[in-house]
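Trainee: Protein chains in written order, with the numbering used here: chain F, 60 to 200; chain Z, 864 to 973.
It is worth saying that the hints were derived from the structure and are not from the lab.
Heads up, some of the hints might be wrong.
To be verified - Chain Z regions said to be covered by chain F (calculated; three or more residues, Cβ under 8 Å):
id: 1; segment: 878-885
id: 2; segment: 912-921
id: 3; segment: 936-950
As the list claims (entries may be wrong) - Calculated pairs, SDA-like style, for lysine to any residue (alpha carbon to alpha carbon, straight line, at most 20 Å):
id: 4; chain 1: Z; residue 1: Lys955; chain 2: F; residue 2: Val159
id: 5; chain 1: Z; residue 1: Lys955; chain 2: F; residue 2: Thr173
id: 6; chain 1: Z; residue 1: Lys929; chain 2: F; residue 2: Leu69
id: 7; chain 1: Z; residue 1: Lys929; chain 2: F; residue 2: Asn160
id: 8; chain 1: Z; residue 1: Lys894; chain 2: Z; residue 2: Ser926
id: 9; chain 1: Z; residue 1: Lys955; chain 2: F; residue 2: Thr156
id: 10; chain 1: Z; residue 1: Lys955; chain 2: F; residue 2: Leu157
id: 11; chain 1: Z; residue 1: Lys869; chain 2: Z; residue 2: Lys894
id: 12; chain 1: F; residue 1: Lys174; chain 2: Z; residue 2: Lys955
id: 13; chain 1: Z; residue 1: Lys929; chain 2: F; residue 2: Arg161
id: 14; chain 1: F; residue 1: Lys174; chain 2: Z; residue 2: Lys905
id: 15; chain 1: Z; residue 1: Lys892; chain 2: F; residue 2: Gly165
id: 16; chain 1: F; residue 1: Lys174; chain 2: Z; residue 2: Lys892
id: 17; chain 1: Z; residue 1: Lys892; chain 2: Z; residue 2: Asp867
id: 18; chain 1: Z; residue 1: Lys955; chain 2: F; residue 2: Ala162
id: 19; chain 1: F; residue 1: Lys123; chain 2: F; residue 2: Ala79
id: 20; chain 1: Z; residue 1: Lys905; chain 2: Z; residue 2: Val874
id: 21; chain 1: Z; residue 1: Lys929; chain 2: F; residue 2: Gly165
id: 22; chain 1: Z; residue 1: Lys955; chain 2: F; residue 2: Gly166
id: 23; chain 1: F; residue 1: Lys174; chain 2: F; residue 2: Val191
id: 24; chain 1: Z; residue 1: Lys929; chain 2: F; residue 2: Ala162
id: 25; chain 1: F; residue 1: Lys174; chain 2: Z; residue 2: Tyr915
id: 26; chain 1: Z; residue 1: Lys929; chain 2: F; residue 2: Pro158
id: 27; chain 1: Z; residue 1: Lys930; chain 2: F; residue 2: Gly165
id: 28; chain 1: Z; residue 1: Lys929; chain 2: Z; residue 2: Val874
id: 29; chain 1: Z; residue 1: Lys894; chain 2: F; residue 2: Val164
id: 30; chain 1: Z; residue 1: Lys930; chain 2: F; residue 2: Asn160
id: 31; chain 1: Z; residue 1: Lys870; chain 2: Z; residue 2: Gln934
id: 32; chain 1: Z; residue 1: Lys930; chain 2: Z; residue 2: Asp957
id: 33; chain 1: F; residue 1: Lys174; chain 2: Z; residue 2: Gly914
id: 34; chain 1: Z; residue 1: Lys955; chain 2: F; residue 2: Leu152
id: 35; chain 1: Z; residue 1: Lys870; chain 2: Z; residue 2: Gly914
Stated by the list, open to error - Per label pair, the in silico range of CB-to-CB distance:
id: 36; chain 1: Z; residue 1: Met864; chain 2: F; residue 2: Val66; range: 24 to 32 Å
id: 37; chain 1: Z; residue 1: Gln889; chain 2: F; residue 2: Gly185; range: 24 to 32 Å
id: 38; chain 1: F; residue 1: Gly95; chain 2: Z; residue 2: Lys894; range: 25 to 33 Å
id: 39; chain 1: F; residue 1: Ala196; chain 2: Z; residue 2: Asp872; range: 49 to 57 Å
id: 40; chain 1: Z; residue 1: Asp912; chain 2: F; residue 2: Glu68; range: 30 to 38 Å
Glycine is no exception: its CB is placed at the ideal position from the N, C-alpha and C atoms.
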Amino acid sequence: MKPVDLVLELPNDLRAIERAVEFLASRAREAGFDEGLLRLNFRVGVTEALANAMLYGNRGDEKKHVRVDASVTAERVRVRVRDEGGGFDPDHLEDPTLPVNRARVGGRGIFLITKLMDQVEFNEAGNAITMVLNAPAREAP
Amino acid sequence: MSFDVKKQDDVTVIDVEGQLIVGNRQELKQKVLEELEGGARKFLIDFADTGYIDSSGLGVLVSLSKKIREQGGELRLANLNDDLRTLFELTKLDTLFHIANSRDEALTSF
Numbered sequence: 060m061k062p063v064d065l066v067l068e069l070p071n072d073l074r075a076i077e078r079a080v081e082f083l084a085s086r087a088r089e090a091g092f093d094e095g096l097l098r099l100n101f102r103v104g105v106t107e108a109l110a111n112a113m114l115y116g117n118r119g120d121e122k123k124h125v126r127v128d129a130s131v132t133a134e135r136v137r138v139r140v141r142d143e144g145g146g147f148d149p150d151h152l153e154d155p156t157l158p159v160n161r162a163r164v165g166g167r168g169i170f171l172i173t174k175l176m177d178q179v180e181f182n183e184a185g186n187a188i189t190m191v192l193n194a195p196a197r198e199a200p
Numbered sequence: 864m865s866f867d868v869k870k871q872d873d874v875t876v877i878d879v880e881g882q883l884i885v886g887n888r889q890e891l892k893q894k895v896l897e898e899l900e901g902g903a904r905k906f907l908i909d910f911a912d913t914g915y916i917d918s919s920g921l922g923v924l925v926s927l928s929k930k931i932r933e934q935g936g937e938l939r940l941a942n943l944n945d946d947l948r949t950l951f952e953l954t955k956l957d958t959l960f961h962i963a964n965s966r967d968e969a970l971t972s973f
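Start from the sequences and build out the full structure, keeping to the hints where you can.
Mentor: In structure tokens form, the structure reads like this:
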């Protein structure tokens with residue numbers, strides 16, 4: 060099945076996140092993607108990526124934007140979120156589940172993305188994240 | 864999305880209707896802190912009508928838990944659906960909060 064490709068250019072405004080996520084989820088739903096994965100994994104993963112892009116990538120700068128490129132089919136959804144910031148190093152993040160970190164207020168965003176998405180990649184500059192979610196394999200009849 | 868605050872005896876009950884995410888978490892924090900400053904010490908946050916929570920939402924719950932405890936108060940969470948429980952378990956925050964299966968169970972646990 061041919062993927063449905065979507066592009067969003069979002070203002071750097073946290074209030075835009077929920078509507079953008081629901082728009083993308085609804086398109087994936089229309090394409091036939093698994094509802095359970097959309098309800099939790101997709102919505103939380105994409106929300107986290109957008110929030111990180113706006114808060115940390117673009118440093119809350121209202122003049123900046125976040126670009127979303129998504130490709131959806133019934134079998135797979137792929138979302139790339141890119142900010143206009145200088146990037147970061149995703150290899151030196153602390154594990155928020157360690158007892159010493161559990162009471163911290165922040166530090167769970169990327170952890171959740173990696174747990175909820177099947178594949179996660181950052182570009183070399185560290186200002187774009189690509190997430191892939193695969194539908195459960197169907198059992199043979 | 865809205866936060867509905869009610870009193871049930873000496874417990875401040877907050878119903879989270881919609882999502883608890885980065886765009887609205889400050890509103891929940893503000894409402895709880897106002898009640899805390901007003902002398903409330905027992906808090907129940909009910910997630911029966913909550914779709915999902917992101918890490919910012921989890922973070923604000925951690926922050927509120929600490930502030931409530933510092934004032935000698937207690938916090939309970941109730942009615943987490945399977946998706947929300949998954950998030951708490953993934954992040955091991957289920958070990959940090961008192962999570963009840965129902966509102967009544969939470970109210971009687973104070």
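Trainee: Now tell me if each hint is right for this structure.
Mentor: Status of the hints after comparison with the structure:
1. 878-885: holds (count 3)
2. 912-921: Three-residue rule met by the segment 912-921 of chain Z, so holds; n is 7.
3. 936-950: Per the Cβ count (3), the hint holds.
4. Z:Lys955 to F:Val159: 12 Å, holds
5. Z:Lys955 to F:Thr173: 15 Å, holds
6. Z:Lys929 to F:Leu69: 34 Å, violated
7. Z:Lys929 to F:Asn160: 14 Å, holds
8. Z:Lys894 to Z:Ser926: Judged against 20 Å, a Cα distance of about 13 Å means the pair holds.
9. Z:Lys955 to F:Thr156: 6 Å, holds
10. Z:Lys955 to F:Leu157: 8 Å, holds
11. Z:Lys869 to Z:Lys894: 11 Å, holds
12. F:Lys174 to Z:Lys955: Judged against 20 Å, a Cα distance of about 13 Å means the pair holds.
13. Z:Lys929 to F:Arg161: It holds: about 12 Å lies between the C-alpha atoms, which stays within 20 Å.
14. F:Lys174 to Z:Lys905: 33 Å, violated
15. Z:Lys892 to F:Gly165: 15 Å, holds
16. F:Lys174 to Z:Lys892: 27 Å, violated
17. Z:Lys892 to Z:Asp867: Answer holds: Z:Lys892 to Z:Asp867 is near 13 Å, not above 20 Å.
18. Z:Lys955 to F:Ala162: It holds: about 10 Å lies between the C-alpha atoms, which stays within 20 Å.
19. F:Lys123 to F:Ala79: 17 Å, holds
20. Z:Lys905 to Z:Val874: Since the Cα atoms of Z:Lys905 and Z:Val874 sit roughly 5 Å apart, the hinted pair holds (cutoff 20 Å).
21. Z:Lys929 to F:Gly165: Given pair Z:Lys929, F:Gly165 holds - Cα atoms ~14 Å apart, limit 20 Å.
22. Z:Lys955 to F:Gly166: The hint holds at about 13 Å.
23. F:Lys174 to F:Val191: Holds, at about 12 Å.
24. Z:Lys929 to F:Ala162: 8 Å, holds
25. F:Lys174 to Z:Tyr915: At roughly 15 Å apart (the allowed maximum being 20 Å), Z:Tyr915 and F:Lys174 satisfy the hint.
26. Z:Lys929 to F:Pro158: Distance of about 15 Å is within 20 Å: holds.
27. Z:Lys930 to F:Gly165: 16 Å, holds
28. Z:Lys929 to Z:Val874: Status holds; Cα separation ~18 Å.
29. Z:Lys894 to F:Val164: 18 Å, holds
30. Z:Lys930 to F:Asn160: 17 Å, holds
31. Z:Lys870 to Z:Gln934: 19 Å, holds
32. Z:Lys930 to Z:Asp957: Satisfied, since the Cα-Cα distance of roughly 18 Å is no more than 20 Å.
33. F:Lys174 to Z:Gly914: 19 Å, holds
34. Z:Lys955 to F:Leu152: Cα-Cα ~17 Å, so holds.
35. Z:Lys870 to Z:Gly914: Given pair Z:Lys870, Z:Gly914 is violated - Cα atoms ~23 Å apart, limit 20 Å.
36. Z:Met864 to F:Val66: 24 to 32 Å: 26 Å, holds
37. Z:Gln889 to F:Gly185: 24 to 32 Å: About 27 Å separates the Cβ atoms of Z:Gln889 and F:Gly185, which means 24 to 32 Å holds.
38. F:Gly95 to Z:Lys894: 25 to 33 Å: Holds, since F:Gly95 and Z:Lys894 (Cβ atoms, about 31 Å apart) stay within the stated range.
39. F:Ala196 to Z:Asp872: 49 to 57 Å: 51 Å, holds
40. Z:Asp912 to F:Glu68: 30 to 38 Å: With Cβ atoms ~32 Å apart, the hint holds.
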